[in-house]
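J.: In case you want the letters, here they are:
Protein chains: 4
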Amino acid sequence: MRHDPTGGQRPAYFGFQQPLAYRGPAFVPSAREPFAYRHYDKNRLVLGKSMQEQLRFAVCYWHSFGWAGTDPFGDPSFERPWHGAGEPMAQALHKADVAFDLFRLVDTPYFTFHDRDVAPEGASLAEFHTNLRRIGEVFARKMQDTGVRLLWGTANLFSHRRYMAGAATNPDPEVFSYAAAQVKNVLELTHELGGANYVLWGGREGYETLLNTDLKRELAQLGRFLQLVVEHKHKIGFKGQILIEPKPAEPTKHQYDRDVAAVFGFLREHGLEHEVKVNIEQNHALLAGQTFEHEIAMAQALGIFGSLDMNRGDELLGWDTDQFPNNLPQVALSLYEVLKGGGIGQGGLNFDAKLRRQSIDPDDLVWAHATAMDLCAQALLVAERMLQDGALQRHVQQRYAGWDGEAGRAILNGERSLEDLARDVAERGLDPRPRSAQQERLEHLVNSYL
Amino acid sequence: MRHDPTGGQRPAYFGFQQPLAYRGPAFVPSAREPFAYRHYDKNRLVLGKSMQEQLRFAVCYWHSFGWAGTDPFGDPSFERPWHGAGEPMAQALHKADVAFDLFRLVDTPYFTFHDRDVAPEGASLAEFHTNLRRIGEVFARKMQDTGVRLLWGTANLFSHRRYMAGAATNPDPEVFSYAAAQVKNVLELTHELGGANYVLWGGREGYETLLNTDLKRELAQLGRFLQLVVEHKHKIGFKGQILIEPKPAEPTKHQYDRDVAAVFGFLREHGLEHEVKVNIEQNHALLAGQTFEHEIAMAQALGIFGSLDMNRGDELLGWDTDQFPNNLPQVALSLYEVLKGGGIGQGGLNFDAKLRRQSIDPDDLVWAHATAMDLCAQALLVAERMLQDGALQRHVQQRYAGWDGEAGRAILNGERSLEDLARDVAERGLDPRPRSAQQERLEHLVNSYL
Amino acid sequence: MRHDPTGGQRPAYFGFQQPLAYRGPAFVPSAREPFAYRHYDKNRLVLGKSMQEQLRFAVCYWHSFGWAGTDPFGDPSFERPWHGAGEPMAQALHKADVAFDLFRLVDTPYFTFHDRDVAPEGASLAEFHTNLRRIGEVFARKMQDTGVRLLWGTANLFSHRRYMAGAATNPDPEVFSYAAAQVKNVLELTHELGGANYVLWGGREGYETLLNTDLKRELAQLGRFLQLVVEHKHKIGFKGQILIEPKPAEPTKHQYDRDVAAVFGFLREHGLEHEVKVNIEQNHALLAGQTFEHEIAMAQALGIFGSLDMNRGDELLGWDTDQFPNNLPQVALSLYEVLKGGGIGQGGLNFDAKLRRQSIDPDDLVWAHATAMDLCAQALLVAERMLQDGALQRHVQQRYAGWDGEAGRAILNGERSLEDLARDVAERGLDPRPRSAQQERLEHLVNSYL
Amino acid sequence: MRHDPTGGQRPAYFGFQQPLAYRGPAFVPSAREPFAYRHYDKNRLVLGKSMQEQLRFAVCYWHSFGWAGTDPFGDPSFERPWHGAGEPMAQALHKADVAFDLFRLVDTPYFTFHDRDVAPEGASLAEFHTNLRRIGEVFARKMQDTGVRLLWGTANLFSHRRYMAGAATNPDPEVFSYAAAQVKNVLELTHELGGANYVLWGGREGYETLLNTDLKRELAQLGRFLQLVVEHKHKIGFKGQILIEPKPAEPTKHQYDRDVAAVFGFLREHGLEHEVKVNIEQNHALLAGQTFEHEIAMAQALGIFGSLDMNRGDELLGWDTDQFPNNLPQVALSLYEVLKGGGIGQGGLNFDAKLRRQSIDPDDLVWAHATAMDLCAQALLVAERMLQDGALQRHVQQRYAGWDGEAGRAILNGERSLEDLARDVAERGLDPRPRSAQQERLEHLVNSYL
Ligand SMILES: [Co+2]
Ligand SMILES: [Co+2]
Ligand SMILES: [Co+2]
Ligand SMILES: [Co+2]
Ligand SMILES: [Co+2]
Ligand SMILES: [Co+2]
Ligand SMILES: [Co+2]
Ligand SMILES: [Co+2]
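Protein chains in written order, with this note's numbering: chain U, 37 to 486; chain R, 37 to 486; chain S, 37 to 486; chain Y, 37 to 486.
Please keep in mind that the hints were generated in silico from the structure rather than gathered at the bench. Hints should not be assumed to be uniformly reliable.
No copy labels: a pair is met if it fits in one copy or bridges any two.
The calculated DSSO-like cross-link candidates involving lysine-lysine, where the alpha carbons are at most 30 Å apart (straight line), are [stated by the list, open to error]:
#1 K85 - K252
#2 K376 - K252
#3 K376 - K275
#4 K376 - K289
#5 K252 - K271
#6 K178 - K289
Can you make the complete structure from the sequences, with help from the hints?
T.: In structure tokens:
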């Protein structure tokens with residue numbers, strides 16, 4: 037009989053029983069031990085911190101325990117026991133047992149959730165609130181027992197039909213209020229559970245057609261909503277980061293929080309650029325026509341880098357596939373940007389990733405998370421080599437060295453006018469010669485660290 | 037013998053000889069008059085202004101007179117006489133004669149140019165400057181004679197290899213200075229020619245690979261460059277608008293001025309949001325994953341709407357095709373947004389559009405511009421009907437009416453906290469009911485104005 | 037009290053009570069008659085046939101009566117009464133009543149369905165079969181009463197989890213057999229109901245990853261499946277067309293029936309190019325990077341044009357939005373291709389289109405279909421003008437006239453070798469001169485017919 | 037003084053002087069030896085053949101020696117000496133010297149060219165022919181001296197304005213003849229130089245707008261053209277493969293040879309499916325919405341796999357960037373498909389790749405090719421491990437095992453009718469259970485071979 041994490045009430049959900057171990061690069065799978073970490077050695081020091089603290093992995097609740105394997109053309113494929121008929125709160129508790137068992141098996145330090153993922157909505161907001169609190173108590177106990185912490189919580193303001201035209205940007209102020217009440221609950225619960233961040237994804241904060249939309253009003257509403265959240269955060273003493281998660285579209289035709297640059301303009305407009313940061317998702321970056329690395333580097337340059345949703349999209353498909361990361365050089369380049377910019381900080385690497393709909397075995401959940409964690413660890417070691425060797429950074433420094441000279445500094449410090457510069461060009465007969473940017477050599481250099 | 041606009045030195049370039057006339061919707065083409073405007077009746081009043089002033093058309097120099105019909109896989113196809121062998125300044129004058137003859141034939145009120153389009157670059161910046169001034173004098177005379185005005189001038193900071201790694205964002209500060217000198221010249225010429233705007237398109241202000249890029253430095257350089265331009269504008273007393281033209285990529289892998297929202301954040305970061313506006317291009321919007329209407333509405337909402345590059349892209353191709361506009365409902369919806377937001381102002385509708393490479397007859401230039409102008413005029417009349425009828429605006433107003441009530445205003449004015457709203461939801465047992473957003477009916481309503 | 041089409045058992049679902057009338061272009065909506073056809077005059081002759089027969093509109097069951105307003109991030113929004121709790125067969129009958137009431141109101145001559153849209157699946161295939169037959173009898177009676185006919189039927193081989201890895205292309209031959217049984221039922225029902233076509237859309241006939249896929253086997257399976265369907269069609273004497281509906285991806289990562297050209301190669305490989313045609317959908321064409329017109333013209337050129345799914349996609353979104361058509365020039369150009377190639381034949385214009393999720397009023401269904409029908413009728417009249425005027429066709433004919441000459445015919449007839457042609461070029465010193473392709477003029481010509 | 041490959045007439049173009057050596061994975065670059073192959077050990081046996089024969093690398097002439105570093109918005113950046121003023125044939129010889137020096141330095145076994153890349157066009161086709169023959173003699177001698185062989189030749193039927201409306205698909209049959217004469221010359225030269233293949237890329241064989249296009253005629257013209265080429269091949273005894281290179285668009289709006297599936301249908305339609313194969317390019321696959329692996333697997337399944345243009349596109353840009361390959365898992369998966377399907381055969385890995393426009397140092401050409409070759413060699417070793425381990429193939433075999441059973445075989449052999457299958461489902465009460473497709477585990481398995 038397999039290990040029963042629920043104390044005997046029901047059979048174990050996963051075939052895996054023991055937490056996955058680290059066995060090193062030479063590990064060979066066997067029937068008895070089909071998987072072990074080859075790279076994720078959680079206490080190994082990487083650039084002065086343990087792998088665990090550099091990566092701060094999180095398992096998300098929605099894709100792994102909430103989603104049933106549907107797609108726009110398909111019925112549920114997973115047959116999770118807690119999705120069948122049954123008393124909602126009992127189902128929620130069953131789900132929580134399995135979730136924490138997965139956390140234990142893959143040894144994740146963090147998890148994330150929406151209110152709706154974890155507690156039954158009941159017949160009213162009050163009932164939802166009560167249910168959420170009850171689950172919160174269960175979580176607190178389980179977190180205590182296992183040491184698993186909360187990376188972030190969030191409120192689902194997009195699934196229910198009341199939010200079909202937006203939450204903060206709804207044409208109806210009552211919906212705004214309803215959303216505010218819902219966020220208040222989840223923000224407070226996140227605070228009580230010691231969450232490191234609170235996330236807002238504006239899934240419906242956008243429009244389907246300009247024909248029925250007052251874009252200017254909606255932007256003002258969205259700004260005010262965010263200010264309210266920040267004000268409340270301070271009031272209750274929550275020290276976590278408030279994060280916006282950019283995405284360009286889907287389910288909406290257009291979402292206001294399109295990408296990092298758009299969010300930054302919005303934050304500045306509402307005086308929030310020092311209060312709110314971004315949770316960047318690889319797949320969302322891709323849908324916005326941006327690379328993950330770009331979004332990370334841009335957020336760092338603008339001072340709003342917060343956290344990562346670590347998944348991958350399919351470059352040839354136009355929707356959010358939320359796949360588990362699996363391309364080593366791609367992940368290594370992303371982590372290189374993270375480390376170069378100072379590390380993940382209070383954020384983490386949240387696997388906002390879902391199984392393919394055909395991965396219907398319970399253990400596919402274990403495999404997917406564990407292999408993604410190992411890949412990220414391997415990529416972290418590549419990024420460490422890139423930084424320790426330093427050749428890439430030296431190249432960049434030398435390329436821009438002119439700007440560290442007197443003339444360059446004078447320009448940036450505002451000590452030169454357009455006329456000064458034009459006169460200088462004329463007098464010195466300047467005719468600058470371009471230098472090779474050596475992209476191919478640098479790409480090869482990156483590969484040499486793999 | 038055909039009309040010779042150049043005073044007898046050479047045969048007329050175009051087969052069309054007389055300026056195209058307005059003949060009304062019933063016009064039937066004949067051999068003698070193959071084209072006349074059916075809709076563009078320049079003095080007709082539309083919402084209180086003449087069509088000419090509502091639309092402020094401009095013909096651009098680069099595509100029509102500079103481009104030779106090349107593409108990345110093809111040699112020149114056009115065989116313009118001024119592109120062959122010859123003394124550069126004589127060629128430039130020949131080109132100017134033909135250009136102003138086109139302006140006359142299609143009766144455009146404005147034109148636009150880059151420095152490099154109109155004057156030979158010579159062997160040095162000083163020589164380029166001299167050439168540009170000589171052409172400037174020719175332009176001044178021709179503008180005087182014809183009444184054609186300058187919508188905007190701009191400097192080409194992207195074609196020469198010195199700019200291959202950017203102008204303002206170049207790793208070499210000498211290139212920054214060189215670009216500054218070039219902009220100074222063109223800004224001053226634009227001022228002297230009475231230009232209504234000055235445009236900056238950052239064609240190379242971006243990167244090819246993050247591996248050799250210091251994104252944060254480059255953003256600072258770009259910000260300082262723009263401040264320099266604004267400072268100089270005020271110094272010389274130029275009253276025109278300074279405009280940035282967003283585009284997401286091409287020729288670069290990534291351009292910083294991606295779209296309106298990105299530009300806005302950048303302007304705010306550098307304290308320029310009241311000094312600089314945007315010149316929005318349909319094709320660039322499309323490449324950024326945005327509709328033209330969206331970009332217009334967003335710029336208006338953010339207070340940075342400046343002018344339009346009126347062309348169209350191909351939704352199924354991934355590069356800048358810069359085609360002439362030809363879809364009536366699409367153009368009508370764009371102009372509806374323009375008018376709804378207060379009109380084109382100091383901006384205009386610049387045809388940043390090029391012939392298809394196979395349209396090799398001289399008269400194709402006439403046809404393309406004239407038919408585009410007529411289409412825009414037809415679309416303007418549609419937009420006028422949309423506004424005069426007012427049904428769309430009423431629908432939007434009613435949809436958001438709740439926000440004009442006491443509760444809505446209190447929220448936006450900052451008189452409610454998150455707690456207030458949550459308490460209100462609880463006490464009143466709020467459970468807002470969604471209302472149909474009626475997209476299909478509204479789309480039909482738009483079609484009913486065609 | 038409103039008209040009750042169900043004989044008094046329940047209140048009418050729609051606010052509209054009377055079938056929509058044709059009132060001509062000058063129709064002005066009023067409270068009493070908010071909508072009437074301005075263009076769809078079903079008996080008006082267009083190129084020798086009634087509008088009704090040229091267009092052969094069909095309303096589809098799945099989007100209008102099956103779909104509940106969900107999206108990948110959203111719960112049902114519509115609250116259709118037949119989707120709530122209730123006895124499945126009673127719900128199906130309720131749905132059928134409302135469906136035929138919509139057919140009556142908008143006056144559609146045809147409808148379309150999947151087996152699963154219309155009948156409860158029950159606990160087994162046998163039960164499903166029985167349910168389907170019962171509904172078939174209800175349909176037969178309603179069709180008799182109303183004169184509405186069946187454009188096509190089809191089997192849903194993609195929603196149930198048994199089909200998650202494909203139907204014909206499933207790795208498990210039992211799934212193939214199950215699918216075969218399901219198709220047999222629906223094909224026979226379609227035959228009995230006098231359906232004009234039978235459609236196969238291979239929603240899961242593709243793959244998620246090549247890693248677990250034997251592409252060559254799957255192509256062979258798919259070919260055999262299609263042959264089986266054709267053999268059975270002949271056996272039962274079904275005279276309708278068998279149609280494949282191409283789509284490149286979604287829900288799969290890759291679907292074999294990508295576009296018309298891909299389907300043609302597949303049909304030829306399996307000896308089916310004279311047995312099977314294509315049902316082309318605008319949105320699917322778009323997702324494949326093709327214009328609707330291209331797919332129509334290509335299918336006609338290859339002799340496999342069958343029918344149309346008349347909807348539209350969003351060029352800026354990467355998934356199947358299935359919106360109602362609304363762009364007049366776009367639809368006109370599509371219908372121009374249809375008419376130029378000989379008309380819609382046994383096919384039709386099926387609105388495989390769904391309401392936006394926020395269009396939650398029952399009458400939105402009426403508005404959406406009626407306005408789409410009127411737009412198509414308006415576009416048909418534009419296409420008629422294009423053909424009757426003939427200028428476009430003359431232009432094309434003249435452009436290729438050389439191929440009708442002796443030399444051109446000799447080349448195509450196989451009477452010239454590569455050597456003959458090379459010798460001819462050398463001897464005659466051929467140096468062909470290109471001629472303007474006049475795209476801008478032709479685009480304007482199209483607009484002149486609007 | 038550096039090595040001078042031209043016999044003393046001019047200084048060596050490259051800084052590299054000695055052919056690059058293989059030094060193994062532990063190689064550390066130094067000032068004296070900045071690069072050596074870590075993986076490309078050309079005589080190492082991989083699955084029974086030398087690396088050199090498994091990979092059959094080729095350097096292409098056009099990007100490396102023909103292209104000047106222009107882009108649609110930029111002037112030449114490279115300043116290759118043979119692009120300046122000078123006698124055309126002397127320039128061509130200079131170019132050939134540098135080309136063969138690059139071949140020597142990177143130790144490529146093959147090269148590829150278009151006629152126009154290597155010889156001046158002169159004033160007539162006859163002159164072009166003469167020039168080409170003279171260069172052909174130079175090539176023959178150099179090939180003899182160096183052992184470098186010709187992977188394929190091709191004719192440029194897209195750059196000159198005479199081809200602006202297509203070559204075979206031109207509306208003017210004289211252009212067809214001109215193209216035929218040009219192909220005859222290059223095919224014969226390719227034959228004489230012992231070329232292993234002859235390639236046709238239909239860069240202009242498509243259309244810009246359907247409005248001026250007779251698609252059906254053009255398809256017939258294209259089919260006849262290809263037949264002529266095949267007939268001539270047999271006549272002259274050329275044993276190489278005739279290859280079509282698919283691409284969906286660019287420079288055209290639409291190209292007929294869109295992707296492998298489209299080409300296959302076209303070949304079947306013209307009876308050429310056993311005569312012509314495909315040359316698949318990664319970047320073109322991407323532009324067509326296909327993965328490289330898909331196109332390879334599809335071509336193998338259809339029996340038309342010919343050769344590879346080994347480059348990479350940018351998934352976020354919509355044009356042909358033709359970059360050097362650099363993603364190890366991506367290339368490994370492609371080579372896995374090649375090897376699994378029987379290897380590269382008479383084809384090869386042609387680097388249809390160009391430097392980034394900013395890589396202006398002569399040695400960038402060496403770096404780009406050498407690092408790409410080394411990456412492909414490394415990927416080949418990964419693919420070898422995938423095949424030798426066999427776990428992936430076993431998984432696929434087991435997944436489809438049912439089709440190897442009696443029932444499966446009977447279906448595919450045509451021994452079962454739709455009725456048989458339906459009866460079988462009913463009698464046996466079949467209700468097939470889906471099995472996990474294990475995508476995440478398989479992706480991890482692939483990574484374990486890196
Ligand atoms: Co996310
Ligand atoms: Co996502
Ligand atoms: Co522009
Ligand atoms: Co453009
Ligand atoms: Co469809
Ligand atoms: Co669809
Ligand atoms: Co190629
Ligand atoms: Co290419």
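J.: How would you classify K376 and K252 at a CA-CA limit of 30 Å: within, between, both, or neither?
T.: So K376 and K252 pass the 30 Å test across copies only (13 Å; inside, 38 Å).
J.: Up to 30 Å between alpha-carbons, please classify K178 paired with K289: within, between, both or neither.
T.: neither (40 Å within a copy, 38 Å between copies)
J.: Evaluate K85 and K252 at a C-alpha cut-off of 30 Å and name the case that applies: within, between, both or neither.
T.: Cα proximity of K85 and K252: across copies only (26 Å, versus 46 Å in one copy).
J.: Is it within a copy, between copies, both, or neither that the alpha carbon of K252 lies no farther than 30 Å from that of K271?
T.: Within. Shortest intra-copy distance 29 Å satisfies the 30 Å Cα cut-off; inter-copy 34 Å does not.
J.: Measure nothing new, just compare the shortest in-copy and cross-copy C-alpha distances for K376 and K275 to 30 Å and report within, between, both or neither.
T.: within (25 Å within a copy, 44 Å between copies)
J.: Are the CA atoms of K376 and K289 at most 30 Å apart within a copy, between copies, both, or neither?
T.: Intra 35 Å, inter 22 Å, cutoff 30 Å: inter-copy only.
Comparing the model with each earlier hint shows a violation of hint 6 alone; every other hint is respected.
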